[in-house]
Every structure is written in structure tokens, then in C-alpha cells.
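Enquirer: Throw the hints in and build the complete structure from the sequences for me.
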Amino acid sequence: MSATSETVATQASTNGTSVLLSVDNVTLTFGGVKAISDISFNINKGEIRAIIGPNGAGKTSMLNVINGFYHPQKGQISYKGKTRRRMKPYQAASSGIARTFQNVALFSGMSTLDNIMSGRSLKMKRGLFWQALHVGPARQEEIEHRAYVEKIIDFLEIAHIRKQPVGKLPYGLQKRVELGRAMAMEPELLLLDEPMAGMNLEEKEDMSRFVLDLNSEFGTTIALIEHDMGVVMDLADRVVVLDYGQKIADGTPAEVQSNQNVIDAYLGVAS
Amino acid sequence: MNIKKLGCSAIAFAAMAVGMPVAQAEDTLFMPSLTYRTGPFAGGGIPFADGYADYFNMLNERDGGIGGAKVVVEECETAYNTQKGVECYEATKGKGALAYSPLSTGISLAIIPKAPVDEIPVFSMGYGLSAAAIGEKFPWTFVYPTTYWNQLSSILKYIDSNGGIEGKKIGFIYLDVGYGKEPLPLLDSLSGTMGFEVAKYPIGVKEMQNQSAQWLNVRKDRPDWMIMWGWGAMNPTAVKEAAKIRFPLDRFIGNWWAGSHNDLRAVGQAGKGYLAANFSGIGTDFPALQDVITHVVDKGNSKVASKDDVGNVLYNRGLFNAVVLAEAVRVAQAKTGTAAITSADMRYGLENINLDEARLKELGLEGFTGPIKGSCSDHEGAGAVFMQQWNGEDWEKVTDLIEPMNDTVRPLLEEAAEKYISDKPEWQSQTCG
Amino acid sequence: MLYREAGQFKTTYADDQALLPIAQDRIGLFIILAIAFVALPLFASEFFLSSIMIPFLVFSLAAIGLNILMGYAGQLSLGTGAFMGVGAYACYKLTTLYPDMSIIVVLLLSGVFSAAIGVVFGLPSLRIKGLYLAITTLAAQFFLEWCFIRIGWLYNYNDSGAIEVPTRTILGLAVTGPQATPLTRYMFILCVVTIMTLIAANVLRGRIGRSWMMIRDMDIAAELMGIKPLNAKLSAFAFSSYYCGVAGALMVFFWLGSAEVEAFDINHSFLILFMVIIGGMGSLTGCFMGAAFIWVLPVILRAIPSAFDLNLLAATMEHISSIVIGVLIIFFLIVEPHGLARLWQIGKEKLRTWPFPYAT
Amino acid sequence: MEALSIGLDAFFLAPFRDMFSLPDLLIQVIWEGFVSGVLYALIALGFVLIYKASSVFNFAQGIMVVFAALVLVSLYNYGVPAWLALILTIGVMGLLALSIERVILRKLVNQHEAILLMATIGLTLIIKGAGQLFFGGEPKSMITEELGLSTGSSDWEVFDGIVIFQHIDIAAAVIAIIMVAALALFFSKTRIGRALRAVADDHQAALSVGISLNQIWAIVWFASGIVALVTGIMWGARSDVSFALEIIALKALAVLILGGFTSVPGAIVGGLIVGIGEKLFEVYWGPIFGGGVEAWFAYVLALIFLLFRPQGMFGERHIERV
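In the order they appear, the protein sequences are chains A, B, C and D. Under this note's numbering, residues 1 to 271 are what the first sequence spells out, in order. Under this note's numbering, residues 1 to 433 are what the second sequence spells out, in order. Under this note's numbering, residues 1 to 360 are what the third sequence spells out, in order. Under this note's numbering, residues 1 to 322 are what the fourth sequence spells out, in order.
No lab work stands behind these hints, which were simulated from the structure alone. Think of the CB as a built atom: it goes at the ideal place given N, C-alpha and C, for glycine as much as any other residue. One should not assume that every hint holds.
[Stated by the list, open to error] Dumping the calculated BS3-like pairs for lysine-lysine here, alpha-carbon to alpha-carbon at most 25 Å:
| # | chain 1 | residue 1 | chain 2 | residue 2 |
| --- | --- | --- | --- | --- |
| 1 | A | Lys125 | A | Lys151 |
| 2 | D | Lys52 | C | Lys129 |
| 3 | B | Lys181 | B | Lys220 |
| 4 | B | Lys419 | C | Lys93 |
| 5 | A | Lys80 | C | Lys228 |
| 6 | A | Lys163 | C | Lys350 |
| 7 | C | Lys93 | A | Lys123 |
| 8 | C | Lys228 | A | Lys82 |
| 9 | B | Lys373 | B | Lys397 |
| 10 | C | Lys348 | B | Lys424 |
| 11 | C | Lys10 | A | Lys151 |
| 12 | A | Lys163 | C | Lys348 |
| 13 | C | Lys348 | A | Lys168 |
| 14 | B | Lys272 | B | Lys168 |
| 15 | A | Lys88 | C | Lys228 |
| 16 | C | Lys93 | A | Lys163 |
| 17 | B | Lys181 | C | Lys93 |
| 18 | A | Lys168 | D | Lys52 |
| 19 | A | Lys123 | A | Lys151 |
| 20 | A | Lys168 | C | Lys93 |
| 21 | C | Lys228 | A | Lys125 |
[Unchecked claim] Some residues of chain C that are not near chain A, with every Cβ distance over 12 Å (derived):
| # | residue |
| --- | --- |
| 22 | Asp25 |
| 23 | Phe30 |
| 24 | Ala39 |
| 25 | Leu42 |
| 26 | Leu109 |
| 27 | Gly152 |
| 28 | Thr181 |
| 29 | Arg210 |
| 30 | Lys228 |
| 31 | Asn231 |
| 32 | Phe239 |
| 33 | Thr316 |
| 34 | Phe331 |
| 35 | Gly347 |
| 36 | Lys350 |
[Claimed, not checked] Covered by chain A, according to a simulated footprint, are these stretches of chain C (three or more residues, beta-carbon under 8 Å):
| # | stretch |
| --- | --- |
| 37 | 213-219 |
| 38 | 260-272 |
Expert: Rendered as C-alpha cells:
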């Protein structure tokens, strides 16, 4: 088993790009049902990596394993050279992994601004004392972060809904705010769980633009789950395909597209 | 609610806010009544409040008040809740309140420290702080006719005279609050000197109606006698549970707050034999009670649910509270020569009260209670209690008055009073008289 | 018409992040403070101060405490009464052990004790959520009540089993005990409550407050964004219990003057809970509205019959006010489940768009 | 060290020695615990019925117990014969259920659970105020004998001692068993019962097969009203009928924690655990702490239990998803 991970690592280094995260032989079960079985793949620094597969393939579970929400029974995750088998979600966050959710998981009682500000939580350091007084350092800190958040708001073109409670926003905007919240964390690795789901064409184009810009301007590594093959082919540098919790293909969009296993899985041909 | 009414209540509220003096007719005596006709202890609060109000109303009807001044009784509902009690106190004290009798240890404790400042006496009749019997230390507080501690000593004397107390085991079941715990120091101290053993059974307020575990403990410990410091729903439940474990009820004695008609009616025949201490007469067989019936109850001016409630234990207790206050008013009127006395005069009246046999007879209350004589140093009168027994349908007086062990208790009371004022520098200089 | 923010432009983030960005709100608050600090002390009667304003402020502070936990951090608690009790008993023990310590210091320290106890009973919140947690806070309530009775040391073994407030002075002026005038006590409480409300408002709009709201709205997402649930929940319990503790100490020392354990019983917890619900969860203004509604309304209701010479029993009035409050609770839940604060806000929105109700 | 071993002995061994030195008392303690457990279980059952069908955590269940008993006793005191009073009281509870559904629940459909809980708190205040307004706050005695329930007792001589069984306690246990059986039959055999279970599982699905939610809500509230009446009669017979009874109902909350909010068997088993557990703890361990531990035992037990099994005794562990 260890041989595989070594080969992956060697592969990466020979390609001249550094591996940001690698998933090695991960198996995850729920009460005897295997959600993910023995999957390995890696994410290179600075790339856009897509995870695709039919419903129930284990894509979201994979993201949950990566950011520590689920603990795999077997295998390990290496991130920035460090290997951790069990990691708490907040540890993942503090080491620079952010994510968005399939079903929007915004803080519904808070405004757009506060939601994005909440992404800055880890960056803010002032203690209770200064916050209570709200003068001096705490106030200064709050204003500095506000400036950064305003940049994100401009970038995502959501200035007009800055003060609105997010619960009442249309779905497309909520997705955008959620992206903004994840961006506010200044992550090195951003996990996007179906960022375009339920969007119309125009919204999808906007979102694709944001993802590409985010990748190029901010240099954020992105792993995304998406159903829309067109979007995946346009955005992704490399694609990994899961089916029934197993990896069936891994490679560039073109390679994957022509892979017989993938075609079978998507067309439902009995293998 | 229409606009006009809304306006009126707004004005009333504004008047309250800025403290506009409420117009009062001349020569009235204002007696606030902090009642609890609601809440878990309403069963005790209702008859007491009725007796209190009815007696004053009777004086108004029969004699045109006291010394020519009409008595105004204003009820304020506390639900036995200290916060509301304090609110009631604050709401009524500005109207010229002469004395407070809140019928709650909690409320008494809250207003006792205010009494010397506002100069309104607190008359906690047989409840509240036992230490307040020491008049030198508590000039503004009165606990006639006797304190919990003296009462306990009377009960122990009764036990002693019924087969001796030495070497016996006495079970003490009590409501687990300040009121119930108050006699514990005396009980512990007397168990040494009188040579008996004590077993304690606390009942939480929430467990008042769920006492079976403690009574199983009683069954386990097999005490010879049981004494109860109970109140409200605790009492009937305790008597029922005692009967359930076949504890001999004629060896089960309640204090004067654990022996009312309301308590035992719920038990009925099963409670036959249960004893309780009392200091106010039972029934309506007194001229004063007859006057109350003629002048108030029969005219429909009483709040009692039925005429049968007149004369029950707590009704008479409330009435007796009013009797003492009325007598204090008379003493104060005699001294000042005016009908409309102040609360400071009231304090003088309470301190110099002298309800002897002859005076009780004049009031139409012969044999209703023992004589009470106050003095500067004695704010309890060291009154005696008698025992009453439940015969299955009604209470019967079964003993004469049992004098308390005042010689033993008084020094303990003085000690307690010292302790109370030890952290109150402003109290240390005050004295009675 | 008067309530317009048009023309009020913010040029800095600092301005935009002010507690009350709209000028009319600032003026309104200023008027309220002026009334509270100047007009009431000058014109209000003793009864109004001691039986309406003092309890109102104490309850408001307690409601803020509970609202921080419930409205902002989303953790239901039925143990408010007991946490207030911890504050009161701690205050009593401290001031009798160290009579020379300033009462202000004692008061602020007593909250620390209740914060500590709050954290202990907040620990289950890491595993238990929602209604289940509410019921475990009942365990805190009843266990602490039992401690207040059974541990005689807490009330210095007083025969009465109650804590009695000794006289304490600040600069020679009695602020607690029977000598303290209602005015002094009112002013003291008013200062404490004003400052603590301001602090709460600051904390709630900062990082810590935001972390509580994140846990409330979506605990999983909050955790994935780097919030440690342990820290966020326990700090909410600590902060909330601190407020409740100080409110409890204020209640006994500056209002009641003495207290038995019943002053902190389960009904007391419910009373504060009602205030938070009626006022509005997640709103500081709501805490004051709720406290006014639950405490002051019955006082007014009781005053109505005497104003109309209606010969109603005090007890009857009590029952009626219980019914009225019950009906109003349900009415509000049906009309506006987010309490008086939201109604107030909706009212302001209406004013803002008046006379064009459909403008947004 | 010695003090420690004495302490350990007092806590871990002495209580058991006490138990076996007086076995008749032990049986009595367990019996008493069983009876109060049955009554806790009945109150909890009222909660569960309503929660299962409508996700309403009915805080008013406790006051409904008091109210039902109060109506019954007051009607009798007004001169209505006992049997008629019983029937009328059932009618009143039905009316109450109907008006709660009409006036409150119907307006709050699809609201958050916390809001529904708060509505029942408001309801509690209304019933409390109205109950005292109409019937007075003073305690009343339960019309036990008039309802044909015996107030006598029977002895069982065993282990050189006696165990006393109150007939009313036996009746409480029997009636509780009959009621639970009747409810179980109702749930599994009748059309409405099956509909109720469908609603409990999935509101939408129930609606789609044409079950009227309103009707079902009124029925469950009525059913728990009857459960409340039975509880009120039984507990009223043990002490008296007064508003202080309401506080005991809070203990049912601890029972619910143990048993889970939606499980009928859970309510019963939880009730018995709390009832028997607290009596044993008070009698054998209480003296170590100075007594009165019954006040918190149930809640602390529930708390400790929750720490190890947050989903309750009969609940299923669920996997959180994002």
C-alpha cells in the first residue's frame, strides 16, 4: 500500500509541481456501509482539481474527510507535508483549508457582511478585554478586516446586499456569499461542493469567472465537486472520477472524458 | 379597551410614577395586607387574609373603626414570592402603612431591615425571625405571641409529659427552606440537655407532594415521635404518608402552621389522632367571632368562600393578627390622644400591648388565646401554645396552654439576636423604648 | 417621516460599524439616557424607582445574560435563576469575608464565580443540543438550589437560612442595605447596567460575538471555518453566566435586601426566559422591552382597578394578569415570533419607507 | 486514608448492607418508587403523544394534570355526581384540546420547535390563571372514594416484616397499564392511530395520503388530556389537588431525557428508572448528603446519562451530514 503513495509523491515531484494535499488509501465506512473505499489521489499547489462522479459516488464524503469532519477508518491525509489521520475541522481550517457546502450553509441570522467577516475569525486575535471596550486595537483590527472583506465584496459584486440578512437572499447570491466567506479565510486550499448547483446559465458563468479569477489572482488551490461536465472541462486542470466509493479514473479532462470506465459509469452500462 | 380608558390608565400610571399623593379621607388607619391568594401556598394564605380583613371590617361596621378612625385594609398579592412582597411593601408604605404582617418568612426577612429606616413596625405573628423577640435589638419587629423556638420547647414539654422524652428518638420533618430550618439549632441544643436523639427529614419545596422516600426513612429509623414544621401542600401529604406507614398519628405533632382545617380536610378520617400546636382559638364560639359573622359575613362583605370557613384555624389566626394590631392602635391612640396615629406611634402601641384575661374578655375573645404582655425587651410575650387534635372531621383542643421553656430559650434568642446585628453597625446603637 | 437615513453618508468603515449608524437612533438613545439619568432621579417617586425601575434594570441585565446564551449562541438554558443565585451568594460571601473590599469590586468578582459554575454546567453542551440541553440545565438549576440550602457556609450559617445584605458605602454614601435610598441604588444599578450593556453590544459585534452566532446558525459550518465549538460554547456560557451572576447580586444587594433560596427558583428562571422570548431572541433592545413587558405590565395591570375604583381582589388581578401575559405570549408568537424587538424594527422600517409602503 | 476508606464504605457498601438488613423495607421502597415511577411515566406519556404527532414539546402537560383534577373536584363540589363529573371533565379536556388546536396550533403550523414550546409556556400561564380564577387557589381533596377507588391498604408479611400496599397505588399501576395497552391498541389497530404514526414519521407524506393534520392534533391533545386527568386523580389521591402539583410534572422532563421524546416504551421505562432510582437514592444514600437529594437526583441522572448516550435510551444514533 505504501508503495502507491510513494509513487504518487514521486510522480508529483517529477512533474515539477509540488503536492499540496495527498489522499492515501482512504477508506470510510458508516455502520458497515462503505462510502469510500481505498481511494488515493493528490492535489497540486495552484491547480483546479475537480472531483466528479454520479450521485452517491462519495464525493462529498471525500471533502468531509479532507477537512476533518469525518475520520476515515483506513488511510491517511497528507497536507503540506504533514500527515494526519484524525484531524478536527477547526484544525483543518487553521491550516488553510476552507470550503463551501452543497446545501448552502450560511449563518442565516447574520448579514452578508457579517457572514463574510466570520471568515476572518481565525485572523482576528484581540481578546475579550479589547473587544469589550471596542477602542484601540480591537477597533483597529475590526476596521482592517472590514477593508479586506470589502475587497471580497467588490470582487464578487455583492456590494448591494452588504447589509441584508442572508436568509432572504436568492439562492444564487447565497452561493456567492458563501464563496466570499470561504475566500475571507484566505485559504491555501479551497474545497467547493457543487458551487453551480441549481444555477441558471448566467449565474454559472459568473461563478466560473469567480473561480478562475480566484485561482489566478489569489493563487488559491481549488478542489471542486461539480455535475455540469461542461463547467468541469472548462475549469479543471485535472479530474478525479469516483463511482460507488471507488476511484475509476484520474487525469486531465480530456483523458478522463475518453476513459471507458467513466463513460460506462455515467451512461449506467453494467461493468 | 377604548382610548378614554387607555388615557385614564396612563394617567394613573403617570401619577404612580411621579408619586402624586393619593387623596385619603381624614382619620383613617391604613393597614396593608400582604396576601397570597395564589400560588402553591394559597391554601394557607386565603383563610388568613380573610380573617384579617373581616375583623377590621367588623370594627368599622360595629364601632365605626378604632377610636373613631376607620380602618382601611388594602390587599396586595404576593403569591408568597419575596420579590412581589417587596414590591407590595414599597407600593403601600407611602400610603401611611401602620404595620406589616406578610405571613411569609422570606418577605419578613426582606422588610425587617427596612423597618427602622422607614419607621414602620413589622408584626410577624409567630413566624419570621425568632431572634426578633429580643426587643432591645429589634425595636421595630414583633413576634407575639411566641417564637418558633419557644413553640418547639412547648412541643417538647408536651412529649416529655406524655411518657418522658429522655432516651427517645424524635423525628423532625421540615420544609427545606429558611422557615423549616429555623428551629434546628434549638432542637440540636435541647437534644443534649433533655437527652433525646434527633433524626431530620428535609422536604424540598418541589417534593412537598412527593414525600414517600422520606417517610420510608422514618419507617427505617423508627422514631418515637415526629414533629413537623410544614406549610401548604406539604402538610396533608405528610399526614397521609404517616398514616400509610402506620406511624401512630397521636405521636405526630405539627407546629402551628401545620394544623389548619385546609390541611386536614384533604386527609379526612385517615388523619384521625394527628396533633398540632396552636395559639388561637378554634371555632366561632366567641362573641367577637359572632360579631364578625353578623356584621360582615352575613352582610356578604367577606371574601370567605363559605360561612363554614369562618372560625377555622387559619381564619382565626388571621383574625387574631388583626386583634393584636387593633389593640396596639388603641394603646397608641391613648398615648397620643389622636385617632389617626402614625406608624411610629404604632410601634409604641405594639410594644406596650397588654392583652390580659380581662381585656380579652372585653374584646369578646375569652379563652381564645393566652395573655400577651409586651415590653421594651420582650417582643414575643413568651406566649404559650395548646395542642389540638384532629378527630377525623374537625380540630379539638386537647390540652391547656403549655408554657414554653423560656429560661432555656431566651439566652439562645439573645445569642441569635447578637449574631444578627453583628454585621449591621447601624443596628448596634438602636434600642427599644 | 422623521425617521429617515437619507443623506447620512458613511465615509469610513469606523462610522459604518458604529453601534447606531443612524442619527435618529442615536438621538433616541440619548433621550432615553437623559430620561434615565436626569429626569427620573429628579421627578420619579420612591416607589417608581424602587419597585419599577430597579427591578426592571435588574431583570434587563439578567435577560441580556440569558439572551447572549440563547439568542446569540443558540444554547437553551433553564438555569438562569440558579446562576443568578451563584452570583448573589458569591457577592454575599465575599463582602462578609472581606468587608473592606469595595462593593464594586465585590460585585464584579461575584460574576466570575457564576461564570465558572456556568462553564461547568455548559460542558454537556458539547454533546447535547437543543431541548435536551435545556433539560440538563434544569439539573444545574435544581442541584444548585439544593446547594444553596444544604451548604450552610454559603449563608454564614444564619438561622434564617437567608442572606442578608449588610450596609456598604461608596465614598461615604450608603449604596446597599436599608440605609441606601432608592435613588442611590437606582443610580448605581443604572450605571452598572448601562456599562455592561455597552460591553455586551461591543462583544457581540466583534469576533467573539460572531463566533457565538456562527455556532448558533450552523455549528458544523462554524467548525469548518476554524471555530472551536468548545471555546465558543463555553465562552458563551461563561459570558452569559457572568451577566446573570452580576444581575443576581444586584437583585439581592440593591433591590431585595435579603434573599432565601426561593428567590432563585425555577420560576425565576422561567420569568427571565419569558422576558427574552417576548423581547426577542438575539436583540439587546429586546431584553429591555421584554423585562419591561413582563415586570412592569403586571404592575400597571394591578394599578388599573384602583384607578377605576373597581373593587377587584388583588388575587383576581393576579390571575387575570397571568392570563393576559399568556395570551400576549401566544399572540406575539403568532404575529411576530421574533418578539417585540422585531416588531419595533418593522415599525421603524415602515417609518423609513412611509408614505410609500412598497418601496424597499 | 482511614477517613477515605470510611467514606468509601459509607457510600459504596453501607447502603447495600442497609438494604439487605431490612428486606421488607427494601421491597417497600421499590414499590413506592414503582408507583411514583408509574405516575412520572404517565406525565411523560402525555408529552410523548403530543411530541410524536406534532413536534410540540408541550410544557403545559403539568398544568393540564392540575387543571383536569381541579375541574373534576370542583364539579363534584358544585353538586354534580362523581360519575357525571368524570364524564364532564373528559368533555372539558376535549374542548380544551379542540380550542388549543384551533386557536394556537393551527396558527403556528411549520414554526420552529422552540416557538411551539414557547407557545405552550404561554398556554401554561393561561390555564394557570384561568384555573385559579374559576376554581380558586386553595387546595381541594380528591374525590377518591366517590370515584369508586378504595383508600384502604393490604399487608404482605414477608422476611419478618410487612410490606404495605395502598389500594389506590395498586389501582394507579393497573389503570396505567390498561391505558398504555389501550393506547398501543389505538395506535396499531385503528385508522386514526395508524394515521398518527404516519404523521409522526413524515408530515408531508401524511398530508399527501389525505390525513387531516388538524384533526390529528386535536386527537393527540385530547388523548394527553385524558392521560393528564388520570394522572391528576392518582396524584391528587396521594396528597391533594393544588397548584403545587405542577412542579412535580417537571420531573417528567428528566424521564423524557432518559426515554427519548418520541418513544412510548421509553417514557415508561424512563419513568420507572427515575421513580425507583430516586427513592432508593433518597432512602439509602440521601442521609449521607443531609437528605433532600430527590429534588435533583432525576435531573442529574438524566444529565449523566445524556453525556454517554445523547440520543436517549431508545433513540437511534444519527450521522450528521453537510
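Enquirer: Taking the hints in turn, state whether each one holds.
Expert: Going down the list of hints, with the structure as the test:
1. A:Lys125 <-> A:Lys151: Satisfied, since the Cα-Cα distance of roughly 21 Å is no more than 25 Å.
2. D:Lys52 <-> C:Lys129: holds (19 Å)
3. B:Lys181 <-> B:Lys220: Holds. B:Lys181 to B:Lys220 sits at ~22 Å (cutoff 25 Å).
4. B:Lys419 <-> C:Lys93: holds (16 Å)
5. A:Lys80 <-> C:Lys228: holds (22 Å)
6. A:Lys163 <-> C:Lys350: holds (18 Å)
7. C:Lys93 <-> A:Lys123: violated (41 Å)
8. C:Lys228 <-> A:Lys82: Holds: C:Lys228 and A:Lys82 sit about 21 Å apart, inside 25 Å.
9. B:Lys373 <-> B:Lys397: holds (23 Å)
10. C:Lys348 <-> B:Lys424: It is violated: about 51 Å lies between the C-alpha atoms, which goes past 25 Å.
11. C:Lys10 <-> A:Lys151: holds (17 Å)
12. A:Lys163 <-> C:Lys348: holds (16 Å)
13. C:Lys348 <-> A:Lys168: holds (19 Å)
14. B:Lys272 <-> B:Lys168: Distance ~23 Å between B:Lys272 and B:Lys168 Cα, so the pair holds.
15. A:Lys88 <-> C:Lys228: Status holds; Cα separation ~9 Å.
16. C:Lys93 <-> A:Lys163: Violated, at about 47 Å.
17. B:Lys181 <-> C:Lys93: holds (20 Å)
18. A:Lys168 <-> D:Lys52: violated (31 Å)
19. A:Lys123 <-> A:Lys151: holds (16 Å)
20. A:Lys168 <-> C:Lys93: violated (50 Å)
21. C:Lys228 <-> A:Lys125: The given pair, whose Cα atoms are some 14 Å apart, holds under the 25 Å limit.
22. Asp25: holds (14 Å)
23. Phe30: holds (19 Å)
24. Ala39: Label holds. Min Cβ-Cβ 28 Å, cutoff 12 Å.
25. Leu42: Fine: 31 Å to the nearest Cβ keeps C:Leu42 off the interface.
26. Leu109: holds (16 Å)
27. Gly152: holds (35 Å)
28. Thr181: holds (31 Å)
29. Arg210: violated (5 Å)
30. Lys228: Non-interface label on C:Lys228 violated, nearest chain A Cβ at 5 Å vs cutoff 12 Å.
31. Asn231: Nearest chain A Cβ is 9 Å from C:Asn231, so the label is violated.
32. Phe239: Since the minimum Cβ distance to chain A is about 8 Å, C:Phe239 lies within 12 Å and the statement is violated.
33. Thr316: At about 42 Å from chain A, C:Thr316 clears the 12 Å cut-off, so the statement holds.
34. Phe331: Nearest chain A Cβ is 23 Å from C:Phe331, so the label holds.
35. Gly347: Holds: least Cβ distance 18 Å, greater than 12 Å.
36. Lys350: Holds: least Cβ distance 17 Å, greater than 12 Å.
37. 213-219: Since three or more residues must qualify, the claim that chain A covers the stretch 213-219 of chain C holds, with 5 doing so at under 8 Å.
38. 260-272: That given contact is violated, which follows from only 0 residues of the stretch 260-272 of chain C lying within Cβ reach (below 8 Å) of chain A.
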